[in-house]
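Residue numbers (the working numbering), protein chains in the order written: chain A, 15 to 301; chain B, 15 to 301.
By construction, these hints were calculated from the structure, which means they are not laboratory data.
Some clues are possibly wrong.
Since copy identity is lost for identical chains, a pair holds within one copy or between any two.
Said to hold, decoys possible - Result set (BS3-like, lysine-lysine): computed pairs, CA atoms no more than 30 Å apart in a straight line:
#1 K135 / K280
#2 K246 / K280
#3 K135 / K86
#4 K40 / K256
2 protein chains.
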Amino acid sequence: MCATTLTDENGRGFIIPIGGGEDRVKEMQIHSKFVELSGGADAYIVVIPTASMLSETGEDYNRIFSSLGAGKVEYLPITRRLDCDNPTFFEMLDRATGIFITGGNQLRLSAILGGTLLVTKIRRQNAAGVPVAGTSAGASIMSEHMVAGGQGNESPAEGTVTLAPGIGLTNAVIIDQHFTQRNRLGRLLTASSFNPFLIGLGIDEDTAAFIGPDNVLEVVGSGTVTVVDASKLTHSSMWDAKPGEALSLIGLRLDVLGEGCRYDLKARVGYPPPQFLGLSSGSDTDT
Amino acid sequence: MCATTLTDENGRGFIIPIGGGEDRVKEMQIHSKFVELSGGADAYIVVIPTASMLSETGEDYNRIFSSLGAGKVEYLPITRRLDCDNPTFFEMLDRATGIFITGGNQLRLSAILGGTLLVTKIRRQNAAGVPVAGTSAGASIMSEHMVAGGQGNESPAEGTVTLAPGIGLTNAVIIDQHFTQRNRLGRLLTASSFNPFLIGLGIDEDTAAFIGPDNVLEVVGSGTVTVVDASKLTHSSMWDAKPGEALSLIGLRLDVLGEGCRYDLKARVGYPPPQFLGLSSGSDTDT
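Next up, chain A with everything else stripped away, as it sits in the complex (with noise of 0.2 Å):
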């Protein structure tokens, strides 16, 4: 992991979105970081089922983490928004150590979660140093601008993608999960286009970013992540561009990060793992 960690009190803590479909019964590699970030034994972690319908996800992440060794686990059941009134879950997310968001619909998560105290306790929680974790939906929502639907399978285009307000703990990323897995590059690349400022983050299954209190993030997990900087575009047709024509967008950068990798999102700068920065004697083997 990067070297600051929860224990920096200054900072705010880490924000992990998962690309889905990360792997829940073997060595749960993504899931233990989360618990171990969260205070293992001391963790007292709070799931926000929401995204889902199903009643089984929050219990499902009970036992997970606690199979992980977390101290306690509970689950938010809101199903709408005036659940997000209830002050007995004020009360749990004021005394959480980790806060996870599972998969399923984002807009649903935004629609239900969106402009309630309950979103502003996630929020200040995570400036206060608790990591905020989530899988699939609960990935894409972490950003100010989210992701909210869009195709898979085409060339970057306007109306490749749909944009609408997430939960807003950070704004210099937007997020794509099942990247790989459900062809999102164009919709991605789309996406950071409308304005370059934003870095594309697509997820794949299975793999997570740790972004740190520093906003340098570390790749965990068995995918990649491809970080898409638009900011260095010599010419993009977005504003020129006829409905569903595809965009010509000269001049991107494209860092496709494994496990391990680091990204500086201020710096827009892409690292090797550790072993690699230093003089390795290297493998001369053939193969």
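We have chain A already, so just place chain B on it with the hints.
For chain B alone, coordinates are given in the frame of chain A:
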């Protein structure tokens, strides 16, 4: 089209990889431009339908190119290596002013044509100024290093792509087709990163790259050509990744080029369509 055309007698002919699934019934923009480059009413177009198992493919293209005003169109009924020794076919290729390679299976193409005098004839004709177009499998086979197969829907990883020798009209690029439609970014990134001198061209369906004698390509069609330049990679885990492990590739350049965009394969620079290079007044209309 680019300024340099077939009338430049010092140059080779255009190389025109097409991403498959091109419009054959409406405007037939790509085929029209190929017929025009081949000489229009004076054209003698020779079609190589070998990649396809369908006996009617050759006849189909005869009909299409004739309907677009080509003077004469014939196809070579090559289905096995022995057919490649037929002197009648050599004579037809010697007179050709345009050569078209159909889609199908590129390994069928390379296994039947590879190493025969027929391929030498195609190369010599292209070097002498004759445009050669190919669609789908016929596009892949044009380059020295050919994408022979592999998986779509995958992150870059060594096992996701199989290379084989193509017919070598160019060694500047490696070509993949049905690009967005079949989610082939991962395998093209892998292919380009094996040896980053290769520029990866990911060509969408109904889209073509008209590569001129000056090695500047121009995009024609309804989709995009994605240009991958791996030459500025600051880190690649290619030599170190375990089998099946997702690759890390830091420092990729990516251009997504729609209709009218150009790319200079020597300078590795993309350009917008000409109207964006002049002092156009633009439109300030609110939308």
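Is it within, between, both or neither when you check K135 against K280 at 30 Å Cα-Cα?
For K135 and K280, the Cα distance is within 30 Å only inside one copy (26 Å; across copies 55 Å).
What label fits K135 with K86 when the C-alpha limit is 30 Å: within, between, both, or neither?
within (19 Å within a copy, 75 Å between copies)
Alpha-carbon proximity context of K246 and K280, limit 30 Å:
Both. Shortest intra-copy (14 Å) and inter-copy (21 Å) distances satisfy the 30 Å Cα cut-off.
How would you classify K40 and K256 at a CA-CA limit of 30 Å: within, between, both, or neither?
Between. Shortest inter-copy distance 19 Å satisfies the 30 Å Cα cut-off; intra-copy 48 Å does not.
The earlier numbered hints are all upheld by this structure, with none contradicted.
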